[in-house]
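Asks: Chains as they are written, first to last, in my numbering: chain A, 339 to 430; chain B, 339 to 430; chain C, 339 to 430; chain D, 339 to 430.
It is worth saying that the hints were derived from the structure and are not from the lab.
Accuracy of the hints is not assured; some may be wrong.
Any copy, or any two copies together, can satisfy a pair, since identical chains are not distinguished.
Okay, derived cross-link-like pairs now, DSS-like style, lysine-lysine, Cα gap no bigger than 25 Å in a straight line [claimed, not checked]: (1) Lys-371 x Lys-412; (2) Lys-389 x Lys-346; (3) Lys-400 x Lys-350; (4) Lys-365 x Lys-400; (5) Lys-354 x Lys-426; (6) Lys-365 x Lys-389; (7) Lys-345 x Lys-371.
Number of protein chains: 4
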Amino acid sequence: MSSYQDKKENLKTRLKRIEGQVRGLHKMVDEEKYCVDVLTQINAVKGALNKVGMEVLESHTKGCVTNAIKEEEKEDEIINELMDVVFKFTNK
Amino acid sequence: MSSYQDKKENLKTRLKRIEGQVRGLHKMVDEEKYCVDVLTQINAVKGALNKVGMEVLESHTKGCVTNAIKEEEKEDEIINELMDVVFKFTNK
Amino acid sequence: MSSYQDKKENLKTRLKRIEGQVRGLHKMVDEEKYCVDVLTQINAVKGALNKVGMEVLESHTKGCVTNAIKEEEKEDEIINELMDVVFKFTNK
Amino acid sequence: MSSYQDKKENLKTRLKRIEGQVRGLHKMVDEEKYCVDVLTQINAVKGALNKVGMEVLESHTKGCVTNAIKEEEKEDEIINELMDVVFKFTNK
Chain A
339 MSSYQDKKEN LKTRLKRIEG QVRGLHKMVD EEKYCVDVLT QINAVKGALN KVGMEVLESH
399 TKGCVTNAIK EEEKEDEIIN ELMDVVFKFT NK
Chain B
339 MSSYQDKKEN LKTRLKRIEG QVRGLHKMVD EEKYCVDVLT QINAVKGALN KVGMEVLESH
399 TKGCVTNAIK EEEKEDEIIN ELMDVVFKFT NK
Chain C
339 MSSYQDKKEN LKTRLKRIEG QVRGLHKMVD EEKYCVDVLT QINAVKGALN KVGMEVLESH
399 TKGCVTNAIK EEEKEDEIIN ELMDVVFKFT NK
Chain D
339 MSSYQDKKEN LKTRLKRIEG QVRGLHKMVD EEKYCVDVLT QINAVKGALN KVGMEVLESH
399 TKGCVTNAIK EEEKEDEIIN ELMDVVFKFT NK
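Just chain A, with the same shape it has in the complex:
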């Protein structure tokens, strides 16, 4: 059901790093660091999340979506779902 197995360890490493970045943000706020530095760090986390998201999206398209199309099974459903998630991605 998941298409990202071959990247799993890489994704987990990235998410661990992102978790560390969020913990770093918590520390920055606790230490009352300069607002703009906090905002810059938030942007860095968003950028890192976007990259993880794009990896998952690529795997999903090359895996689940491609398979659904090849097997002509729930093609439209899976593409609509893909469009929906891309649209939400574009708006966050």
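Fit chains B, C and D to the given chain A structure using the hints.
Replies: Just chains B, C and D now, kept in the frame of chain A:
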């Protein structure tokens, strides 16, 4: 230097929750959950980060930026810095 | 080569409307309307463009991408291209 | 009421160009150009609109917002309005 002191505890609570959400993402990937569910969760984290960012941005504008303007000290510098961070925010 | 033929007239109507919105923006600036009203209108145009983009993206995925996958022709190439354009979309 | 007077001609020139870009998009759709080329062009228009938006935002902050703060008149109101428009900007 930081303008968000009065929201500090609230921001820390939110960041703790976001840290938990990222840990949840890690678990989802580890358990090979469905790609679109992972993507939906990534979007949720981005949304939560955006909200924290907007809180910090508001505090910064009402605090640091307002003070710089009132004291006519490095006004342009601080507004350019603000614009820069908003622009980066818009592009992540 | 284009997958949006069946929506062509609808897309053209929307783009005509967007053109009108941009012309409206030009008029607003010429008449020195309030900054925030100009910004709100810019956001409206971006929102309308996003919707057109999502329509084209959906057609593209259901058309060109689906065909490439079914015919097993340049599958990876067309999915990489898709990911690339989605990524750029996410960052504008 | 508007803070962008000194950039007015520049903004109008840019908006004229954006109007031309949208007309170009209309032509591309009419000629059934390749989907990804249409999407790339939509991204270009969004990028150009973002730049106009950032210019207006900068003028607004250096003008209207700064004045409201200096004159201590409706400060909070104008900053809340600013945050609101920035937030919408971030989500389109």
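Asks: Hint by hint, say whether it matches the structure.
Replies: Against the structure, the hints:
no., hint, result
1, Lys-371 x Lys-412, "between (51 Å within a copy, 19 Å between copies)"
2, Lys-389 x Lys-346, "within (14 Å within a copy, 29 Å between copies)"
3, Lys-400 x Lys-350, "within (20 Å within a copy, 31 Å between copies)"
4, Lys-365 x Lys-400, "between (39 Å within a copy, 23 Å between copies)"
5, Lys-354 x Lys-426, "both (24 Å within a copy, 24 Å between copies)"
6, Lys-365 x Lys-389, "both (24 Å within a copy, 18 Å between copies)"
7, Lys-345 x Lys-371, "between (35 Å within a copy, 13 Å between copies)"
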